[in-house]
Amino acid sequence: MKKQIETIDFPDKVIPFIWKYLRDKKWCLFGFMFVDVAWAASLSLSPYLLKVLIDAVINTNNQTQLIAAVTLPAAIYIALPMFMNFTFRLYQYINLYLYPEIKSTMSEDVFAYLLHHSHDFFQNTFTGSITKKISDLVEIENIINIPNEWFISRLLALIFASVTLFAAVHPIFGIILFVWTILFVSFSYIASRRSENLSRLTSESGAKMIGTMSDSFSNVMSTMLFANIPSEVSNVKSDLRALVNNDRNLQWSILKTSFVQGCGVTLLTACMTIALIYGRVHGWIGAGDFALVLSLTITFIEAVYGVGQQMQRFAKSVGMVNQALNFIRVPHEITNIPDALPIHITQGEIKFQDVCFQHKGGKPLFTNLNITIHPGEHVGLVGYSGGGKSTFIKLILRLIDTQSGSILIDNQNIKHVTHNSLIKQIGTIPQETELFHRTIMENIRFARLDATDAEVIAAAKAARCDEFICELPNQYQSLVGERGIKLSGGQRQRIAIARAFLKNAPILLLDEATSSLDSITEGYIKESLHDVMANKTTIVIAHRLSTLKDMNRILVFVHGKIVEDGSLDSLLKDTNSHFYKLWQMQAEGFIPSIEE
Numbered sequence: 058m059k060k061q062i063e064t065i066d067f068p069d070k071v072i073p074f075i076w077k078y079l080r081d082k083k084w085c086l087f088g089f090m091f092v093d094v095a096w097a098a099s100l101s102l103s104p105y106l107l108k109v110l111i112d113a114v115i116n117t118n119n120q121t122q123l124i125a126a127v128t129l130p131a132a133i134y135i136a137l138p139m140f141m142n143f144t145f146r147l148y149q150y151i152n153l154y155l156y157p158e159i160k161s162t163m164s165e166d167v168f169a170y171l172l173h174h175s176h177d178f179f180q181n182t183f184t185g186s187i188t189k190k191i192s193d194l195v196e197i198e199n200i201i202n203i204p205n206e207w208f209i210s211r212l213l214a215l216i217f218a219s220v221t222l223f224a225a226v227h228p229i230f231g232i233i234l235f236v237w238t239i240l241f242v243s244f245s246y247i248a249s250r251r252s253e254n255l256s257r258l259t260s261e262s263g264a265k266m267i268g269t270m271s272d273s274f275s276n277v278m279s280t281m282l283f284a285n286i287p288s289e290v291s292n293v294k295s296d297l298r299a300l301v302n303n304d305r306n307l308q309w310s311i312l313k314t315s316f317v318q319g320c321g322v323t324l325l326t327a328c329m330t331i332a333l334i335y336g337r338v339h340g341w342i343g344a345g346d347f348a349l350v351l352s353l354t355i356t357f358i359e360a361v362y363g364v365g366q367q368m369q370r371f372a373k374s375v376g377m378v379n380q381a382l383n384f385i386r387v388p389h390e391i392t393n394i395p396d397a398l399p400i401h402i403t404q405g406e407i408k409f410q411d412v413c414f415q416h417k418g419g420k421p422l423f424t425n426l427n428i429t430i431h432p433g434e435h436v437g438l439v440g441y442s443g444g445g446k447s448t449f450i451k452l453i454l455r456l457i458d459t460q461s462g463s464i465l466i467d468n469q470n471i472k473h474v475t476h477n478s479l480i481k482q483i484g485t486i487p488q489e490t491e492l493f494h495r496t497i498m499e500n501i502r503f504a505r506l507d508a509t510d511a512e513v514i515a516a517a518k519a520a521r522c523d524e525f526i527c528e529l530p531n532q533y534q535s536l537v538g539e540r541g542i543k544l545s546g547g548q549r550q551r552i553a554i555a556r557a558f559l560k561n562a563p564i565l566l567l568d569e570a571t572s573s574l575d576s577i578t579e580g581y582i583k584e585s586l587h588d589v590m591a592n593k594t595t596i597v598i599a600h601r602l603s604t605l606k607d608m609n610r611i612l613v614f615v616h617g618k619i620v621e622d623g624s625l626d627s628l629l630k631d632t633n634s635h636f637y638k639l640w641q642m643q644a645e646g647f648i649p650s651i652e653e
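Residue numbers (this note's numbering): 58 to 653.
Honestly, the hints are just simulated from the structure, not real lab data.
Treat the hints loosely; a few may be bogus.
[What the hints assert, rightly or not] Computed cross-link-like contacts, EDC-like style, restricted to lysine to aspartate or glutamate with a CA-CA straight-line distance of at most 16 angstroms:
1. Lys560 with Asp588
2. Lys472 with Asp396
3. Lys472 with Glu390
4. Lys417 with Asp396
5. Lys451 with Asp568
6. Lys313 with Glu289
7. Lys518 with Asp588
8. Lys83 with Asp166
9. Lys313 with Asp296
10. Lys606 with Glu390
11. Lys560 with Asp626
12. Lys472 with Asp458
13. Lys560 with Asp622
14. Lys77 with Glu206
15. Lys408 with Glu434
16. Lys77 with Asp177
17. Lys77 with Asp272
18. Lys560 with Glu539
19. Lys417 with Glu434
20. Lys618 with Glu434
21. Lys543 with Asp458
22. Lys82 with Asp193
23. Lys451 with Asp523
24. Lys77 with Glu165
25. Lys518 with Glu539
26. Lys265 with Glu359
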């Protein structure tokens, strides 16, 4: 059974979020731990074997005894690099298996979750910002990899190295190494927390800059027509300046941290060297001890010095992923109730019962709105701008939710049925058609993904699309460009009408489906619209009042209230009605706002 992405319980913290995708990969975690232990042990074992070989060479004069003393440690010393070679290849194999799968599954889940956000969410969020944050999720690989490869392995290395120096040479060396490491790592951690905050600011600045660029590119025609290129460049320049300042602060913090860490390395080297010389002078340090302590110290310094840098990298990745999860922390506004069932529409009756609605931060629009649209009825919605026509349509589609009251379709409360089934039973023709950068065939088939090519072509012919499609070089396989930019407004509108034919839903909602067409083309598809509306409950937002001639009922909206309800003829008889005034104003080519 396919999982319901919108019901996934995404943790809102970074580590629990990652663990959600790691908990089924426990064998990978065990593999990582094996590699960590093997590497940490080899870090101390190799210098120790070198000490044993040097002591054996210096202290053994008999050739036979020398060979016996060095054979086993030499064999292990020689075999150790090959063993570690196999170990590191195991580590790479685990990475090869783990990370592509986690990133793929995670990106799919997050993408699907975001698509279930409300229409208002996308209206108030930059598309570029969303895609940037999804791409930032790849940093999760660093959040898993860095602690495993650097923090855990180095902690184990510290334990092995301290014990080795404590037991094999002198306790003072183990104590020096342990204390120095604690101080070094503590400082690096404190510095990395500041870097994390600076990284978060840098990530936010980057997302804002990309969002601004994306917004400008999406509206490039307006920018050209109003000659506002300098203004748009200035907006991006402002965002870039903020990004540069935040990034510079981050790099300055890293520079200061690296300087202090470098001083710490010098201090450890000095302490170990002085202790070795002091021990040699007093006779409790041998030549092999010099090799063990110095080689182990140099190797360990390189490893721990990397920890400080990786802490900052880890903090940066956490900051970026934490910002990316901001969209996960936003709950879906439109959700299914538990055990919601699919809606079954046979008649297409729509009832508003005591519906109250207001936009966030706005005044109440609908207050106890009651209206019934009968099965098969063709209803036109007219009124001044801001009167509530579009909101009325969105409420039926449940793109937004009422604050109180209920909307029933065939006596089924739309809040009690699955949202997906509701949308599938309602056909829509928007005023502004949104097309994908795909073929015409794919764009029409988007209304019903299981439709055959023949059904798609039949729908296109019914919407009078076939004529212009067949004139294109690749016909139905022609790409339409981003948002359908290669097609004219009228052609895009006819694609939307073809979708409605193909979907063939029992309820049809139109936002003036012919508004983008010229008079000749409009006349061609009038008959097609009659066909697509046949035997369907149809609601039309009318910008051209001539469209209302095809309606058997008209609702007039003013300030969220239906002030007039009747047929075209009955409303025109009242010369004092709002509708009559709108009809008279139609000669001016537009419907004024309520203030006018």
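field: Lys408 paired with Glu434 [C-alpha distance capped at 16 angstroms]
entry: This hinted pair holds, its Cα atoms lying about 13 angstroms apart.
query: Within a Cα-Cα threshold of 16 angstroms, do Lys77 and Glu206 meet the stated pairing?
result: violated, 20 angstroms
task: Please work out if Lys606 and Glu390 have their alpha carbons no farther apart than 16 angstroms.
output: violated, 38 angstroms
Hinted pair Lys472 and Asp396, Cα distance within 16 angstroms: holds, 12 angstroms
- prompt: Between Lys560 and Glu539, does the CA-CA distance stay at or below 16 angstroms?
  reply: Between Lys560 and Glu539 the Cα gap is close to 23 angstroms, so the pair fails against 16 angstroms, i.e. violated.
- request: For the pair we were handed, Lys518 and Asp588, check the Cα-Cα distance against 16 angstroms.
  value: Distance ~12 angstroms between Lys518 and Asp588 Cα, so the pair holds.
message: Can you confirm whether the C-alpha distance between Lys417 and Asp396 stays at or below 16 angstroms?
response: violated, 28 angstroms
message: Check whether the Cα positions of Lys77 and Asp177 lie no farther apart than 16 angstroms.
response: Distance ~29 angstroms between Lys77 and Asp177 Cα, so the pair is violated.
- request: Verify the proposed pairing of Lys77 with Asp272, using a straight-line Cα cut of 16 angstroms.
  value: The given pair, whose Cα atoms are some 34 angstroms apart, is violated under the 16 angstroms limit.
Pairwise hint evaluation, Asp166 against Lys83, where the allowed Cα distance is 16 angstroms at most: Given that 16 angstroms is the threshold and the Cα spacing comes to 21 angstroms, the pair is violated.
field: 16 angstroms limit on alpha-carbon distance, applied to hinted pair Lys472 and Glu390
entry: holds, 12 angstroms
- prompt: Does the structure keep Lys313 and Glu289 at a Cα separation of 16 angstroms or less?
  reply: violated, 37 angstroms
When the structure is compared with the earlier hints, violations turn up for hints 4, 6, 8, 9, 10, 11, 13, 14, 16, 17, 18, 19, 20, 21, 22, 23, 25, 26 and for no others.
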